[in-house]
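Peer 1: Respectively, the protein sequence lines represent chains A, B and C.
Under the working numbering, the first residue of the first sequence is numbered 1, with each subsequent residue one higher.
Under the working numbering, the first residue of the second sequence is numbered 1, with each subsequent residue one higher.
Under the working numbering, the first residue of the third sequence is numbered 1, with each subsequent residue one higher.
Honestly, I wouldn't trust all of these hints.
[As the list claims (entries may be wrong)] Derived DEER-like restraints, expressed as beta-carbon distance ranges:
id, chain 1, residue 1, chain 2, residue 2, range
1, C, Leu18, B, Ser133, 49 to 57 Å
2, B, Ser189, A, Gln246, 33 to 41 Å
3, C, Pro142, B, Arg200, 36 to 44 Å
4, B, Ser45, A, Gln245, 55 to 63 Å
5, C, Pro106, B, Ala103, 42 to 50 Å
6, A, Glu243, B, Ser155, 44 to 52 Å
[Claimed, not checked] Here are the simulated EDC-like cross-link-like pairs (lysine to aspartate or glutamate), alpha carbons at most 20 Å apart as the crow flies:
id, chain 1, residue 1, chain 2, residue 2
7, A, Lys153, B, Asp204
8, A, Lys153, B, Asp196
9, A, Lys166, B, Asp245
[Said to hold, decoys possible] A partial selection of chain A residues facing chain B, derived with a Cβ cut-off under 10 Å:
id, residue
10, Arg147
11, Glu148
12, Val165
Honestly, the hints are just simulated from the structure, not real lab data.
Just so it is clear, the structure is predicted and the values come from calculations on it, not from any experiment.
Glycine included, C-beta positions come from ideal geometry on N, C-alpha and C.
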Amino acid sequence: MTDTARIQDSIHEQDEYNFAYLDEQTKRMIRRAILKGIAIPGYQVPFASREMPMPYGWGTGGVQVTAAILGRNDCLKMIDQGSDDTTNAVSLRGFFEKTAGVRTTCETAEATIIQTRHRIPEKPLTGEQILVFQVPIPEPLRFLEPRETETRKMHALEDYGLMHVKLYEDIARNGHIATTYAYPVKVNDRYVMDPSPTPKFDNPKIDRMAALQLYGAGREKRIYAIPPHTKVRSLDFEDYPFEIQQFDKPCGLCGADNVYLDEVILDDEGGRMFVCSDSDYCEERRAQGHLGPMAADPAAARIGTKEPA
Amino acid sequence: MTLFHAEDPLLQVRNVTRYYGDRIGCSEVSFDLWPGEVLAIVGESGSGKTTLLNCLSTRLAPTAGAIEYRMRDGAMRNLYQLSEAERRLLMRTDWGFVHQNAADGLRMNVSAGANVGERLMAVGARHYGNIRSAADDWLGRVEIDSDRIDDDPRSFSGGMRQRLQIARNLVTQPRLVFMDEPTGGLDVSVQARLLDLLRRLVADLGLSVVIVTHDLAVARLLSHRIMVMRQGNVIETGLTDQVLDDPREPYTQLLVSSILQV
Amino acid sequence: MPVRLYLNNVGKSFTMHLQDGAVIPVVDNVEFSVDAGECVVLGGPSGAGKSSILKMIYGNYRCDEGQILVTVGDEIINVAGAEPRRILTLRESTIGYVSQFLRTIPRVPAEDVVAEPLIAQGTGETEAQDMARALLSRLNVPERLWTLPPATFSGGEQQRVNIARGFIAHYPVLLLDEPTASLDAANRAVVVRLVEEKKAQGVAMVGILHDQDVRDQIADRIVDVTKFGSEAAA
Chain A
1 MTDTARIQDS IHEQDEYNFA YLDEQTKRMI RRAILKGIAI PGYQVPFASR EMPMPYGWGT
61 GGVQVTAAIL GRNDCLKMID QGSDDTTNAV SLRGFFEKTA GVRTTCETAE ATIIQTRHRI
121 PEKPLTGEQI LVFQVPIPEP LRFLEPRETE TRKMHALEDY GLMHVKLYED IARNGHIATT
181 YAYPVKVNDR YVMDPSPTPK FDNPKIDRMA ALQLYGAGRE KRIYAIPPHT KVRSLDFEDY
241 PFEIQQFDKP CGLCGADNVY LDEVILDDEG GRMFVCSDSD YCEERRAQGH LGPMAADPAA
301 ARIGTKEPA
Chain B
1 MTLFHAEDPL LQVRNVTRYY GDRIGCSEVS FDLWPGEVLA IVGESGSGKT TLLNCLSTRL
61 APTAGAIEYR MRDGAMRNLY QLSEAERRLL MRTDWGFVHQ NAADGLRMNV SAGANVGERL
121 MAVGARHYGN IRSAADDWLG RVEIDSDRID DDPRSFSGGM RQRLQIARNL VTQPRLVFMD
181 EPTGGLDVSV QARLLDLLRR LVADLGLSVV IVTHDLAVAR LLSHRIMVMR QGNVIETGLT
241 DQVLDDPREP YTQLLVSSIL QV
Chain C
1 MPVRLYLNNV GKSFTMHLQD GAVIPVVDNV EFSVDAGECV VLGGPSGAGK SSILKMIYGN
61 YRCDEGQILV TVGDEIINVA GAEPRRILTL RESTIGYVSQ FLRTIPRVPA EDVVAEPLIA
121 QGTGETEAQD MARALLSRLN VPERLWTLPP ATFSGGEQQR VNIARGFIAH YPVLLLDEPT
181 ASLDAANRAV VVRLVEEKKA QGVAMVGILH DQDVRDQIAD RIVDVTKFGS EAAA
């Protein structure tokens, strides 16, 4: 019987798979798309997305982008909804550990490449880092115009009235712009772009971010990018300006204000708490001695830690 | 009125011809359309009137011929030499197109208010309150109650949808509106209301209109001038009441005599 | 007084293509003129072509031969050869037509129907409506009807609304197509006075009037149309 664990640990060192799974020609093709994306900020570049050994919706676009830019000296962090230890993050981290053998981390500051699903780390990123987004639907206009031929023309001609129709509908039906995630932005005063389903809380972080942002949509076969320090404006109306979500309490565990919080249900009797969605950020603060109002709660002991209770 | 004193035509059409393979859609059509003038193109199904309308409105490139339009700056431009961006801007600002089937001209899954406001947003309006009040004003002008502003057109009757489509087209104060059987498929009483509304809006706004219809009563009520088409050719043209009261061509006489008298 | 209208060698026939191309001659070599302030009445039996002549002057019927010259300011326009938009301008400012039949416009109140031609000539809306009401009153249209659309009025009421609409604006040339047919004596008298007022303003009028009394009162001259009839029609 073969020792499967041993083979998987060293799979990248054998000839079975190339470094980081994709072959070098494919990586070059993806890099060309990335370079084009960087040259035209916010423009969706078509690319020949490959079948990946995971289902669509699991981040096949982000994985291909990461595989194409990953070097042997990189340190990789994987986030799923802010967390390093959910299924998607653990699986994809394991995928690259096995196919590339690169160093991985949970610490934002230590990573050189961060692949994320639905969040941007709370800690500001630097020019030495690259943020890779997993994108399900890259086309922000699709909500109102299903024809791809037409939306491409609309992008080409900067014909973006339709985008505001969606926001108008939000206000008309809800009294305010009710879009809370995948909130459309205009990049570099030119292309309207879907920032992937990150909460709009993170939109200000996209604006003039020091790190390079790469967006990969595997099923839709599109790559787009925002170069470092690029102006990114969230769409809005003069009388209904863009606003981010506000939380009236700090994080229950670490006491942080002005961060994006997740609701955690504690029991069947309505017990709940709000904690940082960015688990690494929360842990780091707690390690530094910050304590939130519910940190002493025995129920809290079961969450937010990497070791199973 | 004082609509007929303009020195220059708004639209100049010269020898417009459209073939579908070796079949003729429309052949060698020429005319001028003047500011404030309503031109009806009449004829039976298959006479080429819709082909011609589509050629005029840049929805279908003619096989031969030239169509020139006087832009807001006064310059005559060949429509088929405009860039795609210029053409689109023209279509969503200076022009309107009213489809026979309102669903073709409306966004059925967004509210009435957004349907009217879309053109404003497309040309840069970014104040929700202003957009909404403009939409509300236009719904009033086409006799749709204010409290329907947030409803989808799916919940509207055929006549209301058609009026909404008209409001959506007129909100940017276009100078030229194309209409393809705007009253087709509506009940007679609904038709009468729509025609009256169109007649007043066209006169109040001084619109130029090219309207395709097979209904001579619609042509008589709305148009100043009429063009009769048959088998792709314009066979008779002139003042509307002159063509209808004193038709000259055999086919026109047949058309006029085919009207049911009530 | 200057000549306002001159018909020169006007001829007209109908070709009925649905009846094997039968040609029905209407009039031939029509020639007469009308001066400012003059009312010319066309005489002759039914079918002589009186109505067709009026319709040709108005541009409603095409003119096959000859010229129909109308003085507009310093210009002389030939209606027979004018392009459609020119004819529409003439109808707005120069040539009025009073017929006995009202082509009703749905949903427009009677007073607005009457005021419309005056507003089109540039009179303010309020003033035009005041004049419309005055005229409706003179023609004995009951006040309760003024704000209603005329579609449901009786034939006589509709006719008087139409007369008011025809007389309200200032047209240098006015065509009268049986304006008094089926009116009662009182209203006939009103129409006669309206015509007298127009004459005093220098309006040139051409009329068809079967009513002997009215014709005698307003006609300055009678032109017998039968003499223009084509031989074939005789």
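Peer 1: Of all the hints numbered above, which does this structure not satisfy? Sort the numbers upward.
Peer 2: The structure conflicts with hints 2, 3, 5, 6, 7, 8, 9, 10, 11, although it agrees with all the remaining ones.
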